[in-house]
Amino acid sequence: MSSMDPWSVQTWTYILVAITFTLYIGIAVWSKARSTRDFYVAGGGVSPWANGMATAADWMSAASFISMAGIISFAGYDGAVYLMGWTGGYVLLALLLAPYLRKFGKFTVPDFIGDRYYSKQARLVAVACALLVSFTYVAGQMRGVGIVFSRFLEVDITSGVLIGMAIVLFYAVLGGMKGITYTQVAQYCVLICAFMIPAIFISIQMTGNPIPQWGFGSTLSDGSGMYLLDKLDGLSQELGFSAYTEGSKSRVDVLAITLALMVGTAGLPHVIIRFFTVKRVRDARKSAGLALLLIAVLYTTAPAVAVFARTNMIETVSNRPYDSMPEWFGKWEATGLIDFTDRSGDGVIQYVQDPERNELRIDRDIMVLANPEIARLPNWLVALVAAGGLAAALSTAAGLLLVISASVSHDLIKKTLRPGISEKGELRAARLSAVVAVAVAGYFGIHPPGFVAAVVALAFGLAAASFFPAIILGIFHKRMNREGAVAGMVAGVATMIFYILKFKFGVFDGGQAAAAGLTGDWWFGISPEGFGAVAMLVNFAVALVVMRFTAPPPAAVQDLVEDIRIPGGAREAGPAPH
Amino acid sequence: MEQDPRDLEKAQAYWRENIRYVAILLAVWFLVSFGAGILFVDVLNGVRIGGFKLGFWFAQQGSMLVFVVLIFIYVWLMNRLDRKYQYDE
Chain A
778 MSSMDPWSVQ TWTYILVAIT FTLYIGIAVW SKARSTRDFY VAGGGVSPWA
828 NGMATAADWM SAASFISMAG IISFAGYDGA VYLMGWTGGY VLLALLLAPY
878 LRKFGKFTVP DFIGDRYYSK QARLVAVACA LLVSFTYVAG QMRGVGIVFS
928 RFLEVDITSG VLIGMAIVLF YAVLGGMKGI TYTQVAQYCV LICAFMIPAI
978 FISIQMTGNP IPQWGFGSTL SDGSGMYLLD KLDGLSQELG FSAYTEGSKS
1028 RVDVLAITLA LMVGTAGLPH VIIRFFTVKR VRDARKSAGL ALLLIAVLYT
1078 TAPAVAVFAR TNMIETVSNR PYDSMPEWFG KWEATGLIDF TDRSGDGVIQ
1128 YVQDPERNEL RIDRDIMVLA NPEIARLPNW LVALVAAGGL AAALSTAAGL
1178 LLVISASVSH DLIKKTLRPG ISEKGELRAA RLSAVVAVAV AGYFGIHPPG
1228 FVAAVVALAF GLAAASFFPA IILGIFHKRM NREGAVAGMV AGVATMIFYI
1278 LKFKFGVFDG GQAAAAGLTG DWWFGISPEG FGAVAMLVNF AVALVVMRFT
1328 APPPAAVQDL VEDIRIPGGA REAGPAPH
Chain B
26 MEQDPRDLEK AQAYWRENIR YVAILLAVWF LVSFGAGILF VDVLNGVRIG
76 GFKLGFWFAQ QGSMLVFVVL IFIYVWLMNR LDRKYQYDE
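Line by line, the protein sequences are chains A and B.
Just so we're aligned, residue 778 is where the first sequence starts under this note's numbering, counting upward by one.
Just so we're aligned, residue 26 is where the second sequence starts under this note's numbering, counting upward by one.
If we strip away everything but chain A, and leave its shape as in the complex, we get (with noise of 0.2 Å):
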């Protein structure tokens, strides 16, 4: 059937990534790096909105795309922690972060850390907290790009994996942050369209209205009067499950994963760097503002489109026959991301909440990439969804690639190794490193440590440790000094790292912890995604005690503090004005 119309899906991804690909090529030729300056900061001339949508891109990464839809309709109200936590770190960017580290002016985040805490150690500390959460991220982009790549266009994971790597390589290399901005903005468009138009035609078809974010809190449009989180949560409980809007987290871990992962965004390195890139203080403040409305119209979506998926997936399969279900069931389970055990043997699906009667396995990925197709929506729709996957995950993965390359050419080479290179010589360096971290992110990419989700609470658990409190207080107290900071993100950077290897790895008892999932054992209560915020607590408790019995930092440091406080003549990004 659908291999012999020529309108299939498969042709409609074929042209869509085709056109979408050619673009990004396109924007990189045009904005070719020449100069450090350019490959860093883009120049640092990006008008607001660009810099707004670049970021936006670059924030949303295929797990944001694809996975988070998928986590909150299987976790239901537990699912806000993801949306509360990675919309609200951006208003302690923009309040007490993005303007200052502007005016400070320099190009990457380990920079701000060196020249604040007059000191190489705290430099490479920041440098190697930059890589290891920067890595961490890459690799999962990597592999969304190889997953989209396999299932829309069925070649397998590791040409997919080939191919994305070319495009990033190609666009990163030579357009450097220049380049990556402005096919972000392309991305941007792509992305945000593939999400939104099948959201609005799901939503209209549901409850009549076509805006998915009141959509899901209206009453459904079969005529029978009731609201659709109504009729989702009383769904649920009959399969077992606990009701929609309530959730099943306690409160106090709820509480700690959004703290976690709010600081977590707010000090990740490729977030912060894009603060970089604009012109002045005011304009930093601006586009922070933009980039969260131009991600808060995917993440307001995203609860609608986990409601929409539940309710419509649940009332397909639940107590259907087997035989019955529609093509997309069949095309999916051959991917292995649905998975049907007939145990009672009567040829009808049991999707229940008791794990002993339940017979059916859904992969969480599927909500956003099926959705279409559950919803039976035309095959340009189902296509749009992975071009805007694909967009998703190469712009993320270009924008830490950047941070990578950034962290070894300027804060490795220039400021620590070969002071004297020349600025020829560091862009250079600049694209090898980039190479060379395509290279490494491609390899994970093709062999997907088993750890990666581990590793993912790690990064935010890292970022929230290490960076945020270390920049808040170099902005903020004056008094800080280099022992206070050093000594605070070595404390808050161990204790996360012993906690994620206790619990997450089992280290200290052969896993058992970690096997049997002993949460009665977790600290306070608190799971190892949201001991990034205890690993917070301990680096600013550490750093204010240690800075007590140290020497103040020198006259000229207090200085640079007074200085980045007030906005007046932002210095251009970068030692050399011209």
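Source of the hints: derived by calculation from the structure; they are not laboratory data.
Where hints are given, some of them may not hold.
[Said to hold, decoys possible] A few chain A residues facing chain B, derived, Cβ under 7 Å:
| # | residue |
| --- | --- |
| 1 | Met861 |
| 2 | Lys1063 |
| 3 | Ala1073 |
| 4 | Thr1077 |
| 5 | Thr1118 |
Ideal Cβ placement from N, Cα and C applies to all residues, glycine included.
Put chain B on the given structure of chain A with help from the hints.
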């Protein structure tokens, strides 16, 4: 740096006002997310607006909308403050 004492005073006054704005806005940030969305979610869920329980709505919609508004209020306040102290670029 060649600091005029009056410049220093001005900078400190600017900084104090900035801190006050930030403190107020962050209090709202905390109230809508950690307050309405998490700590008081059960109480607020007793109130319904259309199909939404209010606590659930704050957790999955309202807090994010308030976040966006907060940043734009901050942008507006700070631009005004920059002009007042002639720090606008």
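Hints, verified against the model:
Interface hint at Met861(A): satisfied, since its Cβ lies 5 Å from the closest Cβ of chain B, which is below the 7 Å cut-off. Taking 7 Å as the C-beta cut-off, the interface hint given for Lys1063(A) holds, the closest approach to chain B being about 5 Å. Given the 7 Å rule on beta carbons, the hint for Ala1073(A) holds: about 5 Å separates it from the nearest Cβ of chain B. With a cut of 7 Å, the hint placing Thr1077(A) at the interface with chain B holds, because the nearest CB-to-CB distance is about 6 Å.
Among the interface hints, the one on Thr1118(A) is violated; its C-beta lies about 33 Å from the nearest C-beta in chain B, farther than the 7 Å criterion.
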